[in-house]
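Chemist: Residues per chain are reported as follows:
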Amino acid sequence: MSLWLVLAVNSVTLGGLLFLLSAGFSLIFGLMRIPNLTHGSFFMLGAYLATALIRRGFDFWSAAVVAGLLVAVFGGVVERLILRRLPGAELAQVLVTLGLSFMVADVCLMVWTGDPIQIETPRALRGTTAVGSLAFPTYRLAISFIAVVSAAGLWALLDRTRLGAMIRAGVDDPAMARVVGVRVSRLFTIVFCLGAWLAGFAGVIGGPILSVYPGLDQEMLPLALVVVILGGSGSLLGSLVGSFVVGFLYNFGQAMLPELAYVVLFLPMLVVLVVRPEGLFGRQAL
Amino acid sequence: MVLTVSRRSFLVGGAALAATWPLPAFAQGKPVKIGLLTVKTGPLAQGGIQMEQGIVRFLKDRNYTLAGRKAELVVGDTGGNPAGTKTKIQELVERDNVDLIVGPLAAFELLAITDYAAQAKMPILSLAAAEDMTQRKPNPYFVRASATSSQFMHPMADYAAKELKFKRVITISEDFAFGHEQMAGFQRVFEDAGGRVVKKLWPPLVTPDYTPYIAQLSGVDAVVQGFAGSNPLKFMKQYKDAGLKLPVLGGAPACDEALLKSFGDEAIGVISCSAYAGDLDTPSNKRLIEGMVRDHGNIPGLYAAGLYINGMVAEAALEKTGGRTDDKEALIKALRAVSLTDTPRGPFRFDHFGNVIGNFYIRRCEKKGDKLVNTTIKTYKDVSQFWTYDEKWFLAQPVYSRDYPPLRS
Amino acid sequence: MKRLALAAAVVVLAAAPLWVGGTYYVNVASQILVYAIFALGINVLVGYAGLVTLGHAGLFGIAAYAAARVMNGGAGHVTVAVVALAVTLAAAAVFAALALRGTGLGFVMITVALGQIVWGVAYRWISLTNGDNGVSVTGRPRPLGLSLASPAAFYWATLVVFLVTVAAMAVFVASPFGVSLRGTRDQPRRMNALGYHVWMIRFLAFLFSGLWSGVAGLLYLYYNQFVSPQAVALTASAEALLMVISGGTGTLLGPIVGAALVVVIKNVASAYIERWNFVLGAIFVLIVVFMPDGLVPGTVRFWRWLTAARRPAAPAAVAPAGD
Chain U
41 MSLWLVLAVN SVTLGGLLFL LSAGFSLIFG LMRIPNLTHG SFFMLGAYLA
91 TALIRRGFDF WSAAVVAGLL VAVFGGVVER LILRRLPGAE LAQVLVTLGL
141 SFMVADVCLM VWTGDPIQIE TPRALRGTTA VGSLAFPTYR LAISFIAVVS
191 AAGLWALLDR TRLGAMIRAG VDDPAMARVV GVRVSRLFTI VFCLGAWLAG
241 FAGVIGGPIL SVYPGLDQEM LPLALVVVIL GGSGSLLGSL VGSFVVGFLY
291 NFGQAMLPEL AYVVLFLPML VVLVVRPEGL FGRQAL
Chain D
2 MVLTVSRRSF LVGGAALAAT WPLPAFAQGK PVKIGLLTVK TGPLAQGGIQ
52 MEQGIVRFLK DRNYTLAGRK AELVVGDTGG NPAGTKTKIQ ELVERDNVDL
102 IVGPLAAFEL LAITDYAAQA KMPILSLAAA EDMTQRKPNP YFVRASATSS
152 QFMHPMADYA AKELKFKRVI TISEDFAFGH EQMAGFQRVF EDAGGRVVKK
202 LWPPLVTPDY TPYIAQLSGV DAVVQGFAGS NPLKFMKQYK DAGLKLPVLG
252 GAPACDEALL KSFGDEAIGV ISCSAYAGDL DTPSNKRLIE GMVRDHGNIP
302 GLYAAGLYIN GMVAEAALEK TGGRTDDKEA LIKALRAVSL TDTPRGPFRF
352 DHFGNVIGNF YIRRCEKKGD KLVNTTIKTY KDVSQFWTYD EKWFLAQPVY
402 SRDYPPLRS
Chain R
3 MKRLALAAAV VVLAAAPLWV GGTYYVNVAS QILVYAIFAL GINVLVGYAG
53 LVTLGHAGLF GIAAYAAARV MNGGAGHVTV AVVALAVTLA AAAVFAALAL
103 RGTGLGFVMI TVALGQIVWG VAYRWISLTN GDNGVSVTGR PRPLGLSLAS
153 PAAFYWATLV VFLVTVAAMA VFVASPFGVS LRGTRDQPRR MNALGYHVWM
203 IRFLAFLFSG LWSGVAGLLY LYYNQFVSPQ AVALTASAEA LLMVISGGTG
253 TLLGPIVGAA LVVVIKNVAS AYIERWNFVL GAIFVLIVVF MPDGLVPGTV
303 RFWRWLTAAR RPAAPAAVAP AGD
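Chains as they are written, first to last, in my numbering: chain U, 41 to 326; chain D, 2 to 410; chain R, 3 to 325.
To be clear, the hints were calculated from the coordinates, so they are not data collected in a lab. Incorrect hints may appear among the rest.
[Claimed, not checked] Between beta-carbon pairs, the in silico distance windows are:
hint: 1; chain 1: U; residue 1: Val151; chain 2: R; residue 2: Arg303; range: 33 to 39 Å
hint: 2; chain 1: R; residue 1: Ser149; chain 2: D; residue 2: Pro284; range: 49 to 55 Å
hint: 3; chain 1: U; residue 1: Leu45; chain 2: R; residue 2: Ala92; range: 40 to 46 Å
hint: 4; chain 1: D; residue 1: Asp391; chain 2: U; residue 2: Met296; range: 49 to 55 Å
hint: 5; chain 1: D; residue 1: Lys166; chain 2: R; residue 2: Ala88; range: 55 to 61 Å
hint: 6; chain 1: U; residue 1: Met296; chain 2: D; residue 2: Asp296; range: 26 to 32 Å
hint: 7; chain 1: R; residue 1: Ala7; chain 2: D; residue 2: Asp328; range: 34 to 40 Å
hint: 8; chain 1: R; residue 1: Ser177; chain 2: U; residue 2: Arg316; range: 48 to 54 Å
hint: 9; chain 1: U; residue 1: Val315; chain 2: R; residue 2: Ala88; range: 48 to 54 Å
hint: 10; chain 1: U; residue 1: Gly167; chain 2: R; residue 2: Ala92; range: 54 to 60 Å
hint: 11; chain 1: R; residue 1: Ala92; chain 2: D; residue 2: Phe395; range: 26 to 32 Å
hint: 12; chain 1: R; residue 1: Leu288; chain 2: D; residue 2: Ser340; range: 51 to 57 Å
The C-beta atom is built at its ideal place from N, Cα and C for all residues, glycine as well.
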């Protein structure tokens with residue numbers, strides 16, 4: 041019985057991490073229609089930058105925030121200099137975002153060598169927390185908490201602020217938003233930076249569990265895509281639910297159906313897409 | 002952004018040296034060309050970069066002169082995939098006319114080029130551990146001075162059963178041939194010594210989170226893991242985070258010396274078996290470690306040491322052929338006849354398949370000061386790839402795999 | 003004029019083994035042709051149908067694995083080719099039936115999922131595929147009794163297949179079917195209203211695309227004499243897609259140029275530039291910045307701009323006389 045509980049808690053943890061990663065991807069795709077294939081690189085870059093910051097004396101949390109900000113700046117530059125020249129040119133967007141991810145991966149390899157680097161768990165969150173007779177890793181519980189807080193913060197931002205209203209308007213109908221005077225250009229940059237920040241931050245938060253190594257970007261990107269497909273793009277709730285669905289599928293699938301470990305995410309995604317091409321929560325055709 | 006141009010022709014002090022050195026009569030004007038197939042980009046780059054460091058370190062130690070001939074290294078980056086490896090070996094053989102090849106890193110890279118190399122009669126000195134390369138489908142031009150996948154797991158299993166007195170274990174390793182072969186080797190020896198493997202877990206090679214598997218580790222005396230690359234780091238961290246306290250045994254890459262600087266305290270107590278031991282007290286090992294620390298600020302692991310040793314094998318063979326490389330049959334014969342006493346892995350020789358017979362070291366990971374070190378706790382001497390089994394019997398069995406030997410019910 | 007250029011190009015290509023300098027470069031040229039065939043196949047969907055696929059390495063790999071299995075079963079090379087292509091077409095039909103349930107990103111992700119499932123099978127179904135150790139084969143076919151063992155012979159055989167592919171593509175693009183396919187790309191609703199069976203058109207285009215991916219997969223196996231799960235991986239699909247996009251989608255020459263670019267950087271430039279991955283990425287970014295619709299259309303436009311910039315001088319002088 042306890043195996044199920046442990047798996048369930050881990051599902052929530054992984055779901056939380058995936059939410060931080062995919063919320064930005066979903067917002068960017070929902071608002072700007074850009075399939076940002078550098079998103080996995082943002083995740084990895086955030087984690088690498090944090091290791092450099094921590095070595096220079098930052099503590100874990102400030103490193104997470106600052107590394108996220110640095111990634112956001114990078115994302116902003118990419119959006120301003122390149123992506124905004126390519127509205128609607130999806131193939132060019134695919135080419136340039138994948139090209140950038142090659143460059144980021146190679147720069148990381150050059151700067152941080154190929155050796156894996158571990159990010160230490162913050163001191164206060166080491167060890168396990170007892171819940172009844174079961175012991176759960178404290179840090180994993182903390183990740184779930186961070187994800188929930190971030191989700192609430194994002195929801196408040198989107199639902200309660202003027203900026204959020206503009207973003208929502210942009211997602212629903214970009215043309216209309218432009219007509220009513222939303223400065224779409226600046227909005228795009230803000231959303232792109234926000235998405236990049238979330239991905240970079242997620243990379244740091246995931247660091248104590250995943251550590252950082254070459255190839256981390258390619259491992260995370262497909263997960264973000266699956267989440268967005270299952271949840272539907274541009275919807276925060278969709279991302280949240282999609283993340284937890286993926287978290288549960290991954291944990292229970294790998295443990296209970298080890299023979300299907302390779303297709304445990306892609307098979308359900310295929311079924312969902314074939315039966316419901318707009319995704320589980322998609323409001324619009326993808 | 003610095004783009005290093007790397008058609009590396011390391012010809013150090015060539016002209017000056019050649020002028021004063023009493024060159025033997027055979028010495029042709031052209032240098033010995035060593036081709037290195039390795040992975041320098043992408044997810045497998047970690048081990049591949051260390052391989053290059055190891056062979057470069059060796060050539061520097063010899064001042065780029067082997068058996069009186071100047072030596073030149075040509076590096077081919079395979080990118081870690083079989084098609085790329087094929088193209089790169091063609092480049093090294095057909096365009097650069099190398100005399101012998103060291104590398105590649107991964108078994109699937111080696112398997113993609115073995116037929117080509119045999120046709121080209123190109124000697125290959127590789128770390129890739131694929132069992133059948135020196136067993137059921139041998140390549141006559143292949144030499145392996147490191148180990149087969151199971152060669153270090155046999156002594157590990159012997160130690161686990163006889164010294165640690167473990168009775169029941171669960172194995173967990175990446176779901177690819179190297180993992181399968183390691184765990185199968187452990188299983189055969191462990192069960193022949195009275196132990197029992199009760200469960201075998203195979204997470205895919207790319208598994209961000211091992212917890213679904215870690216949650217199933219219980220009810221046994223120990224966990225045997227065969228992870229490689231950066232995965233041991235992730236696995237051990239998640240293992241300790243889950244609060245598990247079972248002893249962990251591992252293969253050579255699971256607690257490799259080069260990984261120790263990346264590990265945290267979770268690696269303390271891991272017992273592993275490898276063809277290399279950082280604390281081995283031989284002059285050549287001291288020299289290797291000093292050189293690596295000086296050049297790269299890090300101690301060498303199996304990949305760097307392995308390539309350094311391959312360099313020593315090549316040198317010994319060249320000395321025997323009088324520096325000649327044009328007769329490939331003579332060269333491969335000399336390579337396989339090499340027997341060395343002072344190497345970073347201790348004394349070794351080759352069997353008639355070209356696979357190493359040498360020492361294997363059981364090491365325990367410990368903390369000394371603020372650093373992790375592997376301390377050798379037992380040395381198994383003269384270990385062959387067939388362990389203590391009869392060669393004919395061994396080869397008559399199927400090759401080690403995911404399902405062989407099967408779990409006993 | 004155009005025919006002359008074409009004939010000249012064929013002659014230059016046919017003579018390649020004589021001028022590229024060494025068997026190594028002949029082999030690189032063969033690889034360029036193999037990947038060009040693959041890219042041309044993908045271009046049918048990406049360029050002419052407007053359907054982006056990231057799963058075609060699955061079809062490519064299915065052809066290679068099927069051929070390897072049949073060949074190791076002792077079959078002759080005609081049987082090998084027929085079976086491999088038949089299996090690939092069947093797989094393409096399944097891929098198409100499932101993927102065409104979605105459009106846009108949905109279509110892309112279904113192809114990703116299908117490709118990943120093929121990859122999972124290649125990895126995990128060890129009795130069929132030998133897992134990550136891959137399948138080795140020996141021997142290349144001997145069409146008309148000619149041995150293809152030497153690099154040059156294999157190159158010429160590949161060149162023949164390549165020329166057939168290009169011809170087939172040219173015919174396809176100019177055919178009524180090709181026109182209607184482009185119609186479904188630009189105006190799917192209108193095509194539907196005009197009575198075209200949009201789904202069927204796309205389905206057939208998928209099969210056509212899959213067929214050439216299979217041909218490329220078969221050549222890949224003959225070239226490498228080896229196939230393993232890496233040939234089927236998502237990165238392989240992505241790489242082929244990048245070839246098509248960087249060269250220019252919806253053009254005949256684009257995928258060929260893109261294939262040459264990627265193969266040369268990966269295999270030749272990587273010998274000189276240690277950070278070749280960075281360079282490849284940077285080239286992709288530069289292409290997008292300066293020629294967003296790809297190298298071939300971008301170069302054509304640049305050429306027109308150059309000639310247009312030179313020309314105005316003359317007409318301007320003539321113009322008053324015409325008044």
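Chemist: If a hint holds in the structure, say so; if it does not, say that too.
Modeler: Each hint, compared with the structure:
Between U:Val151 and R:Arg303 the Cβ separation comes to about 38 Å, which falls inside the hinted range of 33 to 39 Å. In this structure the supplied range 49 to 55 Å holds for R:Ser149 paired with D:Pro284, their Cβ-Cβ distance being about 53 Å. Taking the beta carbon of each, U:Leu45 and R:Ala92 are about 45 Å apart, inside 40 to 46 Å as hinted. Taking the beta carbon of each, D:Asp391 and U:Met296 are about 42 Å apart, not inside 49 to 55 Å as hinted.
Take D:Lys166 and R:Ala88: their Cβ atoms lie about 58 Å apart, and the range 55 to 61 Å holds. Range check, U:Met296 to D:Asp296: about 49 Å between beta-carbon atoms, so the 26 to 32 Å window is missed. In this structure, R:Ala7 and D:Asp328 break the distance hint of 34 to 40 Å, their C-beta atoms being roughly 51 Å apart. Checked against the given bound of 48 to 54 Å, the beta carbons of R:Ser177 and U:Arg316, roughly 35 Å apart, lie outside it.
The hinted window of 48 to 54 Å between U:Val315 and R:Ala88 is violated, with their beta carbons roughly 29 Å apart. Against the hinted window of 54 to 60 Å, the Cβ-Cβ separation of U:Gly167 and R:Ala92 comes to about 55 Å, which satisfies the hint. Against the hinted window of 26 to 32 Å, the Cβ-Cβ separation of R:Ala92 and D:Phe395 comes to about 42 Å, which falls outside the hint. Between R:Leu288 and D:Ser340 the Cβ separation comes to about 55 Å, which falls inside the hinted range of 51 to 57 Å.
Taken one by one, the earlier hints fail for this structure at numbers 4, 6, 7, 8, 9 and 11, listed in ascending order.
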